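K.L.:
In terms of our numbering, the numbers along the first sequence are unbroken and rise by one, the last being 876.
One or more hints might be untrue.
[As the list claims (entries may be wrong)] Using 27 angstroms as the maximum straight-line C-alpha spacing, the simulated DSSO-like pairs for lysine-lysine come out as follows:
| hint | residue 1 | residue 2 |
| --- | --- | --- |
| 1 | K811 | K725 |
| 2 | K813 | K13 |
| 3 | K392 | K647 |
[What the hints assert, rightly or not] Beta-carbon label-pair distances, calculated as ranges:
| hint | residue 1 | residue 2 | range |
| --- | --- | --- | --- |
| 4 | D854 | G657 | 29 to 35 angstroms |
| 5 | A381 | M607 | 39 to 45 angstroms |
| 6 | G374 | Y226 | 25 to 31 angstroms |
| 7 | K298 | P540 | 43 to 49 angstroms |
| 8 | A26 | Q384 | 30 to 36 angstroms |
| 9 | R580 | D36 | 16 to 22 angstroms |
| 10 | M607 | N450 | 40 to 46 angstroms |
| 11 | E28 | A488 | 51 to 57 angstroms |
| 12 | E340 | Q213 | 38 to 44 angstroms |
| 13 | D800 | V604 | 38 to 44 angstroms |
Read the hints as simulated data drawn from the structure, not as lab findings. Note that the structure is a prediction, hence the values are computed from the model and not measured. Backbone N, C-alpha and C fix where the C-beta goes; we use that ideal spot for every residue, glycine too.
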Amino acid sequence: MSSSAPLSRVPEKVSLEGLEDRWSHAWEGQGTYAFDRTRTRAEVYSIDTPPPTVSGSLHVGHVFSYTHTDVVARFQRMRGREVFYPMGWDDNGLPTERRVQNYFGVRCDPALPYDPGFTPPQVGGEGKSARAADQVPVSRRNFVELCERLTVEDEQQFEALWRRLGLSVDWSQTYQTIDERSRAVAQKAFLRNLARGEAYQAEAPGLWDVTFQTAVAQAELEAREYPGHFHRVAFHRTDGTGAVHIETTRPELIPACVALIAHPDDERYQHLFGTTVRSPLFDVEVPVLAHPAAEPDKGAGIAMCCTFGDLTDVQWWRELQLPTRSVVQRDGRLAAETPEWITSGSGRRHYADMAGRTTFSARTAVVDALRSSGDLDGEPAATQRMANFYEKGDKPLEIVTSRQWYIRNGGRDEGTGAGLREGLLARGAELQFHPDFMRVRYENWVNGLNGDWLISRQRFFGVAIPLWYPLTADGEVDHDRPIVPDEALLPVDPSSDVPPGYTEDQRGVPGGFVGEADVMDTWATSSLTPQIAGGWERDPDLFERVFPMDLRPQGQDIIRTWLFSTVLRSHLEHGSLPWRHAGISGWILDPDRKKMSKSKGNVVTPMGLLEEHGSDAVRYWAASARLGTDAAFEVGQMKIGRRLAIKVLNASRFALGFAGDDVPLDRPLDPADVVVPLDRAMLAGLADVVRRATEALEAYDHTRALELTETFFWTFCDDYLELVKDRAYGSGDEVPTAETVSARTALGLALDVQLRLLAPVLPFATEEVWSWWRSGSVHRAPWPTPDALPAGDVDPATLDAAGRALAALRKVKSEAKVSMRTRILTAELAVPTAQLPLVEAAVQDVRAAGRAVDLTLVGEDGLEVAVVRGAELEQG
RNA sequence: GGGCGAUUGGCUCAGUGGUAGAGCGCCUCGUUCACACCGAGGAGGUCACUGGUUCGAACCCAGUAUCGCCCA
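Generate the whole structure from the sequences, applying the supplied hints.
P.N.:
Here is the structure:
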């Protein structure tokens, strides 16, 4: 900026139009938000923003919560902290994978080697799903390249939105969760977990999505109501003394039955414990056992345990050491081969009728057969049951046995992980949640964990698990002796890269090696965003200056996933929290008080919203909602914000106009020039607002700060500006009086402070005004402090008392239905006795603002508010 | 079933022990003089319900109802 004193740059007409474009470019050009990495950790305020999923759609919820973060960032920057505010894109995961398949007509086959010259068969599928058979198989590395290519567009769209919204992000710090650095971090963290025994593989029954054909983790579950039928089915006692009836919603699992189980205290079944029964149709002999997890008042009180119908079956199977008799395959169909445990001729015939069919179709077949055999008691009764779903799936999850990788999370604290759950609860207690009650969601989740974190996925677009396995001389995979890469070579792709000590021609041959085909769950990477953005191990100098981060802002919906898993990884790797504070934003509710749905969110696109109302207005709406509180999607609130932004422009233009066009505006304002009590009272009130707003922002209560500032600003405009208008204009061309200088100086000081107070919420309007008379950016200006304003020698209530006196004069005119410019020729102004000295101190301004020619001021006991009596108004 | 949060004027929300608040909307009026994307004035609420504590409760305690969410 120019060092010579600039003259008035206050425009004749002010407008909000075009401010976003102009200032976002100026900020970029001037590096206003660039991070200075020479600053020490104590000087830095670092923010770990959860990267949005770029292949998902933008919605107003993003705008809402990201604005909250930006308000904090701007406040901390003005407070003098060097703000580390990077932005990432979460492009790693299933949604992108599916888009890429259709867009380019490819599918990933991780067994294939990388083809550097690959060109996709098509670019831009016309929105329709390409048939799997028509898709060209490509290596995982080729697939990742296509994903990166496609997500670039999405990311540009997001960035354009964030820039228009005014996020003060340092755009040179951007990362993607699938980029090379992220893959290296995710793989390194995994290998460290493996080396410390925190990551392990196990062959175990687990939840499985038959549509996506992948295992899923507890955090991805969603319990939903699912319609079904209770079937009352007879099992036959092997001693020939009759039948035992059970009720089941899944009769197709009868061939997988391994026991009948009742509660140990259930009187009805005491005599059956220890005996055996035969399953209907399939004639398999199974024991009747007791276990406390059986629910006596549910159905018949005795249940069939199958491998596996639900998680209780898994518990029974494990604790009662039952055999494994699985019939449901990974594709959701029953095994084509008749299982060897079904031995009777009729049993094998019955199974053959259902072999290879889906569970739904098999159920129909079984029910028909049960009806024919007489083993179905009555007709199936419709019911609603809770079933586990993958959050992105639409079929209930099955449970299949498979080899998977896990990271310990305290969910199975017996064994080596003992104490981990307590450690994570202690981290939760250490983390400062805003609002505080959000901590219980974390605690509920940690206490409710019932298994370790399953991180392997049988998918393709994700970070590869960086391992190979030796092949024995027989060609068998030796999973027990995984081969790890050198950390310096990360990231690796086991399908293309060769493990140490091997050559490529040994891939897949006996005595050679094979790459791990699975990828990590998206969360296994995105739980490391503080490490990715902070340059963990890659840039230790940076990492030391930003980690642990100060703030993790996020939505309440991902406390159990993103927040928890990030705490876990940091706890395991660094023995610390990943951040000190977590700011949790609420939901956006539609006018029906329901969570804003995608379909409704799409009607109003975020960019359209910003274009219609202006970014400051939309930010005002978002900033008006407290952390943790759901907010209504309310256009009215945006209009209020717009009104405030326009008022800032107009009031500023007015206040700055008194000085005249030939006066240098960026001159120092000396508080000692403020000598009139009313002016000093106004500044004292502002000092109090500064103090309280600062306290509120330090406590992550941006709403309170905004409310305080906004309320003061309107009083400043409606009362103070009106009161001092005449005095500030001055009498003429000669040297201004001390009273005029006092008003002009007070106006300048007040404006200067209020612009800075409003800057975090209204970055565009405040920057515009700042540019008229100040140098540099308001967003790099120091946050105001109360001690820079004169105070202490005058009652701050003076402004309020004078304002009320003015209101009394206005009321007379309003009730007389005359213009506010109408002069009051004579009147008596009665004020509460206590306020008399305050009003007296400002009576000249009150008289001028009220256009009262002859005003008699009296104090009166028992009066609540100033009143005007005997007013005689100018005619015409 | 357990937990968390909410319930204040038509709407959106502040207000955590001392006479009910704001903005929007509404009504009346004004306005070439910073701002019509404006200004002034006004009307409008037994603070969900029932008990309790207290000199005093929107606020604290117990319970109930309704709504939302989380976990089972």
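K.L.:
Please go over all the hints and tell whether each is borne out by the structure.
P.N.:
Status of each hint after checking the structure:
Distance hint between K811 and K725 is fulfilled; the C-alpha atoms sit about 19 angstroms from each other, no more than 27 angstroms. A threshold of 27 angstroms between alpha carbons decides the hint, and for K813 with K13 the separation of about 30 angstroms lies outside it, so the pair is violated. Only pairs whose Cα atoms come within 27 angstroms are accepted, and K392 paired with K647 is rejected, the gap being roughly 46 angstroms. A beta carbon spacing of about 30 angstroms between D854 and G657 agrees with the range 29 to 35 angstroms that was offered as a hint.
At about 52 angstroms, the CB distance of A381 to M607 disagrees with the hint of 39 to 45 angstroms. Checked against the hint of 25 to 31 angstroms, the pair G374 and Y226 passes, with Cβ atoms roughly 29 angstroms apart. For the hinted restraint 43 to 49 angstroms between K298 and P540, the CB-CB distance of approximately 57 angstroms leaves it violated. Between A26 and Q384 the CB atoms are about 58 angstroms apart, so this pair departs from the stated range of 30 to 36 angstroms.
Checking the proposed 16 to 22 angstroms range against R580 and D36 shows it holds: the Cβ atoms sit about 21 angstroms from each other. M607 and N450 have their C-beta atoms about 43 angstroms apart, which keeps the hinted 40 to 46 angstroms range intact. For E28 paired with A488, a C-beta distance near 36 angstroms fails the hint of 51 to 57 angstroms. A hinted range of 38 to 44 angstroms for the beta carbons of E340 and Q213 is inconsistent with their spacing of about 26 angstroms.
The hinted window of 38 to 44 angstroms between D800 and V604 holds, with their beta carbons roughly 41 angstroms apart.
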